[in-house]
Structure formats: C-alpha cells, structure tokens
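> With the first letter of the sequence shown counted as 1, position 113 gets the number 217 in our numbering; the numbers rise by one all the way through.
Calculated from the structure, these hints are not laboratory results.
What follows is a set of in silico ranges between Cβ atoms, one per label pair, in the way DEER data are often shown:
no., residue 1, residue 2, range
1, Asp207, Gly157, 43 to 49 Å
2, Pro196, Leu169, 18 to 24 Å
3, Leu169, Thr144, 19 to 25 Å
Beta carbons: idealized from backbone N, C-alpha and C, even for Gly.
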Amino acid sequence: LQTASGGTVRVEEIGGGLDLISPPPLSASDVFYPNSMIGTKWKVQRVISSAEGDAGQAALAWRLLGGSSEEGAFVAPSQVSEVYEAEFLEAPDAMNDARYDFDGKPLRAAISDR
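Please put together the full structure from these sequences, using the hints given.
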C-alpha cells in the first residue's frame, strides 16, 4: 500500500511496526537438514488447526510462509489444507554456514526447494 506521495501506509495492528508486507530477502536458508536428505522428495500436507487474532494477519503469515496466494485460498482454519511436494537440494557453496562435520567427514547440509 502506498500513499499518493509514494510513502508506505502502515496497516494498524500488524506487526507493531515490523514490515510484513515487503520483508528483505533472506541471505541464507532459515533451516538446514541432514546431508542424507539431499535428493529426497516428500509429499507434504500443511493444515491450519487454529488461527487466533486478526484473520488478515493469519492470511498474510500463510502466504509469507509459502502458502497459496490464490484468491480465497485462506478461509476458515478448519478448511485450510495444502498439499505440495518438497525436494531437498544440496546447499549452495555460498552458504558457508551449511557445512558441518559428521564422524570426521565434512558434509554439506540439505535445504528445501521451497
């Protein structure tokens, strides 16, 4: 959202000043998985069991965490379910913190393709 002068409009009650609408891109993966997961594919079903507070915030969080952004994708919690495939890839060389040793062997961590 922008004002006529081009400034960003703050939506009340969202994040206490934290900009949830246009966060900066991540410089690294937020989760690393064991090296043994590289090349595996998983079928994931994500279900919302409850949503408390502002429905707009819940829908925004759903989209920011990778949920569908199609119109009407986020409705009542008991009706929200999403199934997708996730593949685990070797972390890129640029992610220096994705290296670890296991049993004296240097390994690269796996990251999700999502």
